[in-house]
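Peer 1: Residue numbers (my numbering), protein chains in the order written: chain A, 1 to 313; chain B, 314 to 921; chain C, 922 to 1195.
Please note that the accuracy of each hint is not assured.
In silico DSBU-like pairs for lysine-lysine, Cα to Cα no more than 30 Å straight-line [stated by the list, open to error]: (1) Lys524(B) - Lys401(B); (2) Lys401(B) - Lys444(B); (3) Lys590(B) - Lys125(A); (4) Lys125(A) - Lys401(B); (5) Lys319(B) - Lys590(B); (6) Lys879(B) - Lys590(B).
No lab work stands behind these hints: they were computed from the structure.
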Amino acid sequence: MIYLLNRSVSFAITLLLISVITFAVTNILPGDVAMMIMGTQSNPEALAGLRESLGLNDPLVTQYLRWIGGMLTGDWGTSLVFKEEIGPLLLQKMTASSLIVVMSMTIALTAAVPLGVWAAVHRDKWQDTASSTTALLGVSLPDFFWGIMLILLFARALGWLPSSGFVDPGEDFLRALKHAFLPSLALGLGLMAHLTRMTRATMTGILAQEFIRVARAKGLPERTVVWRYGLANAIGPVMTVAGLQVGYLFGSIIVMESLFNYTGMGWLTYQALLNRDIPLIQASVFVIAAVVMLANLIVDLAYVLVDPRIRLG
Amino acid sequence: MLDDPKPIVSIDNLRVEFDTGEGTIVGVEDISLTINPGETVCVVGESGSGKSVTSLSLMRLVEFGGGRITGGKLEFRRTGGAMQDVAKADMDAMRDIRGNEIGMIFQEPMTSLNPIFTIERQMTDGLRLHKGLGARAARARALELLREVRIPQPEQRLRQYPHELSGGMRQRVVIAMAMACEPRLLIADEPTTALDVTIQAEILALIDRLKRENGMAVLFITHDMAVVAQMADRVVVMYRGNLVEEGPVSQIFENPQKDYTRALLAAVPRLGEMTGKPAPEPMRIIGAEARAQPVQAPRPDAAPVLEVRNLTTRFAVRGGLLRRRIANVHAVEDVSFELARGETLSLVGESGCGKSSCGRSILRLVEPTSGSVHMDGRDILALTRQQMRLARRDMQMVFQDPFASLNPYMRLKDQVAEPLRNFGLARGNDLTARVSQLFDRVELPQSYLRRFPHELSGGQRQRVAIARALAANPKLIIADEAVSALDVSVQAQVLNLMMELQADLGISFLFISHDMAVVERISHRVGVMYMGRIVEIGSRAQIFENPRHEYTRALMAAVPIADPAKRTLRDDLRFKPLPSPVHPLSYAPAPSVYEEVVPGHKVLVPDH
Amino acid sequence: MKGFLNAKGLIGIVLVSAVLLIAIFAPMIIPAEFATKMNMRARLDPPSLEYLFGTDQLGRNMFYRVMLGARTSLTIAVTAVAMSVAIGLPLGIISGYFGGLTDNVLMRLVDTLLSFPALLLALTISAVLGPNLQNTIIAIGIAFTPFLARIIRGEALRVTQMPYVEAARAAGTTDALIILRHILPNIMPPVIVQATISLAFAILAEAGLSFLGLGTQPPRASWGLMIQASRDYLDVAPWTALVPGAAVALTVLGLNMFGDVLRDVLDPRARAGG
């Protein structure tokens, strides 16, 4: 319970730091919101007036406090490009992207864990070489390149799946899955390669431990030794690495959603960046970092369930 | 030994090879031995002798470590009475033997148990597999086993996870696990090497009792001749993958046939052999007589080199959001002693007793909480960081792990030269000359000057570490378990070197060790530590011939003696778990009060 | 495994040196206009003897563009990683060696920065500063710094706890000399390995940034830009994507293989028995 409380307070502090960093990074922009609204050719006096009324002449600290205050009270401002309230916009796009993130993680883990264990068990044999080589190829290809290949294969050549667009899962779940599948697969392949390497390394370490030898000395079948005694110990570390990869995924969706015209969080962020939509940039960068943080917090808390040693601390 | 017509194990000309990146390494070249029912065979040898590989081969576990049995027979008598060559057995047959007909325990109790399964799960899975027991029956048998290995509150233990148990308790669980299916052979691979001496005594007694009660044969692998003397019926001595000598324990100890066995036995100090001797004696090394006699007891009137008063060191236990200090580990608690010029004072005790922290506190490698340390009359604890750096010229340290105490990326001459450079004691040709003198001094060839640490053996590295400590002509050297990681023959050489240096240079040693027999041989005075305090301090004779404190006595009773005629294994198992040294911030321990039995012999007054 | 290891190392070294040689010498041998010369009659020509890798939508020779793109990618990756190591090394060493409050504050900051996806951070910085070569380097360099600082701090902490550092302290060595003689040489092998692997990630990041138009700007040749340009012609001219994609993949593969082998050779923990 104290552990939980500690983690929550620590999370809140980090969130605060995230907001400061986000605000700082976006405020080194040359140009400002007033310029964005009125255009570069606008009348300097009108611009000055707008600046005054938007509070852009206030010290940065005041501006930051006003911004964070707005975020806390639910007033996230209006997007300059989409002319929409940012709060609901982000919520909708985040839901769309969650589908991709969850799907790609599922694809990656389902394949990576057995592959990594298999490679670790057959360490230094051909199985290991095959698995390691495949994984190495996987991590070496840029994921947008995977995306293009998948479009060529599944959308153009075979025509099985759509190559672009987004469908709201609330309207038609099956079609939503179909549209999300290719971008998820493209992301999942690179991630899988990475997680395979990690699982192999973790399992290799675990299989070299004394308790594995003790289990073998008890006469337990190799199956039990590896998949029960071994894997149970690998779940925690692999989960942690997978959690860290949520951050990688939220970076990659910017590329992938643009490639597939999938209008999720990544696509939205990209539009905001291209159009220098400062309020939207601030809000989406903040939200992405916060979600990544949250994912890692959840993984840390889940670790308690798989490792009895954490309970005391 | 008479040839028993029905041995349980018969190994003939075993050869085991390992394929490594650098080619094939022979782990065992040619070993033959037999084990009869109900007897304990000890396989003894120094590191690299192939003793563990032999036992792993018998279980065919050696293959999981990259080894291959490339020759010989490994016959094991199965339950039906027929001999089976396990070198040729298939994996199904092996699984039927492992844990069922042969049980095995390993060196590291801390890592021998799966950290995320309960004790119950780990104790019952073998039973369910081999004996086909149901959950309830397996649990009942597990409880019975825990009682048999004398673990208190067995019901509660079953629900616990390994990290909730102490090291000694875990090794008992591992033994109970190995005993679960009533194997006819128990293989114990260095089962007590990682344990403290009192716990070692308990575990050895336990294995001996289980063997007697169950009529089980034991194959006991160890490097420790004292343990062999206590445990063995028959002894097999191994060296570099080959059999050196084999025979009944009394014959091996009283009338060894081979030079190697004789040398090995000679180098082992035997607790009690120094009784009545006035001064330390060099270690026995066959074929290499010690050059200098150790220093006699120093003059009592000499002003002490080192004076430690009420030294207390506490480490913070941090927690909470701001990582504030929420509790203290009381590592060193009100410790006082003095050390004269040319004297060796040993601090002895079990792991966690604070002996290492005490040594580090004196050098201020950890900052003491309170107390005073005077070196030649100068208050060390009052010095600034810069002054302290310079003061270290007079006090140097030699660490335990010879593999980790030298920088792997630095040439040996530069490591030895480091103190000379730091204190500006020599430069240029003078520096080179000083370093090569130091190499001579610790008997290392000059050709080693330009080498890197990985090119040296453990004993050679420890010589380099000593040369480095000597470089600045210190008055005091703190040797923290400096010979504990070395094989016994190398240990003897390094100890003799230290005693010679003391005789020649008048250096004082603070010798921190867990090894009572070594301490008895080399010390002028001895302090016994327990729970951060010195419980008893006095001359070597006072401590070893007239121990007063209850803990000193317990410690001495637990030390195995390298003499099969003096077996000390007793089946009286005391469970005295070490109390926790962690206390809340408000905890103020009472000061250490001593009673002086005779001049110089002080015993901590109990009850505080 | 040994054979594989050697083969892997050999392939890695060959790939990395090939890309390095191309990056250094291609711009000296190939006149810049070869890569920018448009030929409207030869638009989207498939690979042939004349156009080894085919042509793009403007009829430019893909072979020259890929060769020249190597320097762009490598320049950005190497400078950006050098920048993160240059910032991360002192921060990480100070944090790991001295510990205490400095360590707490620095690592809290690093952890926070780590929750920003590196690509998002790089994109944002690049968009904010205005995309060009120099800003792409800065963006990737800053985005990679927290990760490297974390790794270096961990290594410095590990080495600081080694007995030989305690021995050096006991021998009266100053902090500055301990860092210089003991910490630095011992953390360098893992740091070099990490830097090599970071180079691979930096190449990927540059490709991603350029693909989104927030990295290298046309007309400079960049593999990411080429892949972006190919998107509309995938059906008719798949080589326009495959050629630069293969260039990225081979470079990154080479760096990863090289990094793996470097780890086996340099990292003492990977060496059996020390």
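Peer 1: Run every hint past the structure and note whether it holds.
Peer 2: Against the structure, the hints:
{"no.": "1", "hint": "Lys524(B) - Lys401(B)", "result": "holds, 28 Å"}
{"no.": "2", "hint": "Lys401(B) - Lys444(B)", "result": "holds, 25 Å"}
{"no.": "3", "hint": "Lys590(B) - Lys125(A)", "result": "violated, 62 Å"}
{"no.": "4", "hint": "Lys125(A) - Lys401(B)", "result": "holds, 23 Å"}
{"no.": "5", "hint": "Lys319(B) - Lys590(B)", "result": "violated, 49 Å"}
{"no.": "6", "hint": "Lys879(B) - Lys590(B)", "result": "holds, 20 Å"}
When each numbered hint is compared with the structure, violations occur for hints 3 and 5.
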